[in-house]
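Trainee: Construct the entire structure; sequences and hints are all you get.
Each chain is listed here by its residues.
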Amino acid sequence: MKKVKRIFALSTAVLSFISFWRAASIVITDFGSSAYYAGGIAARAYGPAFPYFILMVMILAGFLLMAYIESSSLFTRGGVYVVVKNAFGRTLAKLGVSSLVFDYLLTGPVSAVSAGLYIAYLLEVILPYFKISIELSPRFIAVIFSLIIIFYFWWENIKGVRESSSKNVKIVVFTSVVGFLLIVFSLYTLFKKGFVLPPFQISFTDESLGWIKDIGVKAVGLLGIIMAFGQSILALSGLETLAQVFREIEDPKVENLKKSALIIFTFGILFTGLLTFFSAAIIPYEKIINEYAENLLSGLCMELALPYSLKIIMKILVVISAFLMLVGAVNTSIVGANGILNRVAEDGILPDEIRKLHPKYGTTYIIITITTVLQSIIVILSGGNVFLLGEAYAFGVLWCLTLDLLSLIVLRIKRFGEREWKFPLNINIGRYEIAVGLLLLFLVVFSLAFINIFTKKIATISGISFSILLYIVFTYFEKKQETLIDIHNIYGDVDEEKVNLTVENEITEIFKKFSKLNKVLVPVRNPNNLSHLKYVLENFNDDDTDIVVLYIKVEKGYESATNYDKLMPQEKELFRNVILMAEKYGKTINPIIIFSNDPFYVILYCALNGGFNKICMGVSGSLGAEAQLENIVVEWGFIRPSNFSSKIDINIIWESRMLSYTLT
Amino acid sequence: MKETETIGLSSILKEKNIVVREGFKNIKELIDFSLSLIYDDISDEVIKKIIEEKKEIMYSSPVFDNGLVIPHIRIDVLNFFSSLVVLKNPIILDEDKKIWICFTLISPLNKKFFEKHLKILSTVASVFKNPSEFISLTPSKIYSVIFQR
Numbered sequence: 023m024k025k026v027k028r029i030f031a032l033s034t035a036v037l038s039f040i041s042f043w044r045a046a047s048i049v050i051t052d053f054g055s056s057a058y059y060a061g062g063i064a065a066r067a068y069g070p071a072f073p074y075f076i077l078m079v080m081i082l083a084g085f086l087l088m089a090y091i092e093s094s095s096l097f098t099r100g101g102v103y104v105v106v107k108n109a110f111g112r113t114l115a116k117l118g119v120s121s122l123v124f125d126y127l128l129t130g131p132v133s134a135v136s137a138g139l140y141i142a143y144l145l146e147v148i149l150p151y152f153k154i155s156i157e158l159s160p161r162f163i164a165v166i167f168s169l170i171i172i173f174y175f176w177w178e179n180i181k182g183v184r185e186s187s188s189k190n191v192k193i194v195v196f197t198s199v200v201g202f203l204l205i206v207f208s209l210y211t212l213f214k215k216g217f218v219l220p221p222f223q224i225s226f227t228d229e230s231l232g233w234i235k236d237i238g239v240k241a242v243g244l245l246g247i248i249m250a251f252g253q254s255i256l257a258l259s260g261l262e263t264l265a266q267v268f269r270e271i272e273d274p275k276v277e278n279l280k281k282s283a284l285i286i287f288t289f290g291i292l293f294t295g296l297l298t299f300f301s302a303a304i305i306p307y308e309k310i311i312n313e314y315a316e317n318l319l320s321g322l323c324m325e326l327a328l329p330y331s332l333k334i335i336m337k338i339l340v341v342i343s344a345f346l347m348l349v350g351a352v353n354t355s356i357v358g359a360n361g362i363l364n365r366v367a368e369d370g371i372l373p374d375e376i377r378k379l380h381p382k383y384g385t386t387y388i389i390i391t392i393t394t395v396l397q398s399i400i401v402i403l404s405g406g407n408v409f410l411l412g413e414a415y416a417f418g419v420l421w422c423l424t425l426d427l428l429s430l431i432v433l434r435i436k437r438f439g440e441r442e443w444k445f446p447l448n449i450n451i452g453r454y455e456i457a458v459g460l461l462l463l464f465l466v467v468f469s470l471a472f473i474n475i476f477t478k479k480i481a482t483i484s485g486i487s488f489s490i491l492l493y494i495v496f497t498y499f500e501k502k503q504e505t506l507i508d509i510h511n512i513y514g515d516v517d518e519e520k521v522n523l524t525v526e527n528e529i530t531e532i533f534k535k536f537s538k539l540n541k542v543l544v545p546v547r548n549p550n551n552l553s554h555l556k557y558v559l560e561n562f563n564d565d566d567t568d569i570v571v572l573y574i575k576v577e578k579g580y581e582s583a584t585n586y587d588k589l590m591p592q593e594k595e596l597f598r599n600v601i602l603m604a605e606k607y608g609k610t611i612n613p614i615i616i617f618s619n620d621p622f623y624v625i626l627y628c629a630l631n632g633g634f635n636k637i638c639m640g641v642s643g644s645l646g647a648e649a650q651l652e653n654i655v656v657e658w659g660f661i662r663p664s665n666f667s668s669k670i671d672i673n674i675i676w677e678s679r680m681l682s683y684t685l686t
Numbered sequence: 006m007k008e009t010e011t012i013g014l015s016s017i018l019k020e021k022n023i024v025v026r027e028g029f030k031n032i033k034e035l036i037d038f039s040l041s042l043i044y045d046d047i048s049d050e051v052i053k054k055i056i057e058e059k060k061e062i063m064y065s066s067p068v069f070d071n072g073l074v075i076p077h078i079r080i081d082v083l084n085f086f087s088s089l090v091v092l093k094n095p096i097i098l099d100e101d102k103k104i105w106i107c108f109t110l111i112s113p114l115n116k117k118f119f120e121k122h123l124k125i126l127s128t129v130a131s132v133f134k135n136p137s138e139f140i141s142l143t144p145s146k147i148y149s150v151i152f153q154r
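Protein sequences, first through last, are from chains Y and H. The end of the first sequence is residue 686 by the working numbering, with every number in the run present. The end of the second sequence is residue 154 by the working numbering, with every number in the run present.
Do not take every clue at face value.
What the hints assert, rightly or not - Simulated crosslink set (BS3-like; lysine-lysine; CA at most 27 Å straight-line): (1) Lys-117/H / Lys-19/H; (2) Lys-21/H / Lys-33/H; (3) Lys-669/Y / Lys-116/H; (4) Lys-103/H / Lys-134/H; (5) Lys-124/H / Lys-669/Y; (6) Lys-93/H / Lys-103/H; (7) Lys-121/H / Lys-21/H; (8) Lys-30/H / Lys-60/H; (9) Lys-556/Y / Lys-669/Y; (10) Lys-117/H / Lys-59/H; (11) Lys-117/H / Lys-669/Y; (12) Lys-121/H / Lys-669/Y; (13) Lys-538/Y / Lys-181/Y; (14) Lys-606/Y / Lys-538/Y; (15) Lys-134/H / Lys-669/Y.
Calculated from the structure, these hints are not laboratory results.
Mentor: Here's what the structure looks like:
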């Protein structure tokens, strides 16, 4: 007797997609958080001209976001590793990603420590009112606070990115309100006190000159400007996260990415750029250096032309927003590091075991744990000194961007792939396309990266050391993986998607969660024949349609897979291709596996019991479309209930053809 | 293609083409017999020759779990031809597979008849879901049961 023997549902975080606003909020919590510390660190490094350079960095970020739109439209699972690998091969890609991971590891600590300092300085003001005194230094409080925050977001990420990103949206909304109030009160203050532009005066400290002072070159003119610009790059953290979250953005992906980029750019200009500028215009420079370098926006509150009580209220609001944004940046750094290490692990340059999924939450918990442990160590080593962390930062982000931009230029020359969007300013010479816009952007970023090698000693030493170490680790595992593939795995070139399986006892249980107006069943079998899934993803809106991708594993004898790892390589390839296609279109799909000895029976059984109104199938290579339809209608004749009053449309799709029929 | 109407098998199956009998050794013999019933309705020898040429396809028709087999081909004709053979003793293929009922169908190849062809197949499966209902009936009784459905 025919029987549906076993039902498995596949789960992985990538199968549901996020809005452009949610994607923007993930990036903003990292990128926008630098407003709280970048100005203060830059002011200490090279003097009163810092607001101009922070604003320049925000404008540069706008151009870099445009470059990210082009690279993301080229690679759904993009980011520096994939882009550089396709342009220059694995060696440079590994170097790029090594330096980027270094920055992700620093972004978390610099944000957490900065948030801790904002809180510690607020406590210094507030606690005396309650006759409480704390003997602990602000930096010690910052370290303790940072460790708690990193632990908290370790747990949040173990639970999954979707839960974390919903919090990011609330954080960004709250911070935007606080930012708006600060802008309004700053304008009022400038109106009352009179507006004077901050002086464009650059004076480097010995520390920020780095090896330049040893070489004997004078940091003046264009060189001075490039050096100051380079010192301000720490305001640029978090942009790579945009490439990491692109795979999770919902349809239409590139259009939504553009909206995300515009939101991020606007936030950067208004929140980081303008508020840093207002801080410099309102707070005397000496006060910034001596009192507010570690909590610049709190300083801005205390210098506003407002009654003292209102200043304190604004300071509390700023500290709450700093807390939320900066701890959000900790989260984003974990999400970003997790994303990029997943990409490289997929490519076999990290042991596959580290991508093992958490049995309950389906997240890559080993990568998340390694990232957070390393961040905690950095926090402890820094002793809560945000300037030290700032000094170490920016090596990775600049070299990674340099490689990324150069790769995009090379990929244009190679005419690699289809792009939905291109960075502007392009010239065609013969059959080659010269990306002039990208070239100019590359020259700017490269010059900053090059100068920073000499000026940011700590960043150069620690960045190069860490990158080389990680590069060695990558290379070691790459070689090891190659050996394993050669000996054991004839499907070694097939990248494996990591997904969890959950077991359901009753087929009706699995269909209870599908409650949308339309339900489309998409049976799949051949990893190279998914044109019917493509058709569904292109023509159905997942807002009102449940798309269920069904794989029927024909069970023979006692053969049975109880977990995903026991599926055949071709089956794993099938699910990888299904997931990649869903990611490409940014539409939610629900994959399930059913064990049975009769595929046509299972398809109709599912359609009937799940209330599906459409079945979209690929053509059977052995039967052909018409014979396939004949088999289905015969099966329908057997199982159709006498009281069935609905209808089910069947589409058999192959190449650009479709054979349709309606079961009633 | 839309399924817009229900198809009564009586519209394509003549009562004289319904036979209840036993003694078939294998599926080939059964299909040859069922085709001989259909040949009585076809005067054109060319068509008979085409059917004979395509008979091999019918021999490999799947036998469903309930004992039904529906040998069918589509050729260049303008009408549907069919016959029904109900077996008093089944042809035993293996432990699980037995043939109780054979509904043979010749359909027009033209695409405009494909929807009707599918509908007939679906109806045959539905009508003969339980072959045991028909084993003890006479051809005229079977015809009236089909007519009622």
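Trainee: Quick one, are Lys-103/H and Lys-134/H close enough, alpha carbons at most 27 Å?
Mentor: Within the cut-off at roughly 14 Å; holds.
Trainee: Please verify whether Lys-117/H and Lys-669/Y have alpha carbons no more than 27 Å apart.
Mentor: 21 Å, holds
Trainee: Taking 27 Å as the top limit, are the C-alpha atoms of Lys-121/H and Lys-669/Y close enough?
Mentor: 17 Å, holds
Trainee: Going straight from one Cα to the other, do Lys-117/H and Lys-19/H come out at no more than 27 Å?
Mentor: 23 Å, holds
Trainee: Between Lys-538/Y and Lys-181/Y, does the CA-CA distance stay at or below 27 Å?
Mentor: 26 Å, holds
Trainee: Below or equal to 27 Å on CA atoms is what counts here, so check Lys-117/H against Lys-59/H.
Mentor: 21 Å, holds
Trainee: Holds or violated: are the alpha carbons of Lys-93/H and Lys-103/H at most 27 Å from each other?
Mentor: Measuring from Cα to Cα gives roughly 12 Å; hence the hint holds.
Trainee: For a C-alpha distance cap of 27 Å, please report whether Lys-121/H and Lys-21/H respect it.
Mentor: 22 Å, holds
Trainee: Given the hinted pair Lys-124/H and Lys-669/Y, is their Cα-Cα distance within 27 Å?
Mentor: Between Lys-124/H and Lys-669/Y the Cα gap is close to 14 Å, so the pair holds against 27 Å.
Trainee: Holds or violated: are the alpha carbons of Lys-134/H and Lys-669/Y at most 27 Å from each other?
Mentor: 21 Å, holds
Trainee: For the pair supplied as a hint, Lys-21/H and Lys-33/H, is the alpha-carbon distance within the 27 Å limit?
Mentor: Since the Cα atoms of Lys-21/H and Lys-33/H sit roughly 21 Å apart, the hinted pair holds (cutoff 27 Å).
Trainee: Take the C-alpha atoms of Lys-606/Y and Lys-538/Y, compute the straight-line distance between them, and say whether it is at most 27 Å.
Mentor: Distance ~22 Å between Lys-606/Y and Lys-538/Y Cα, so the pair holds.
Figure legend: structure checked against the earlier numbered hints; every hint is met.
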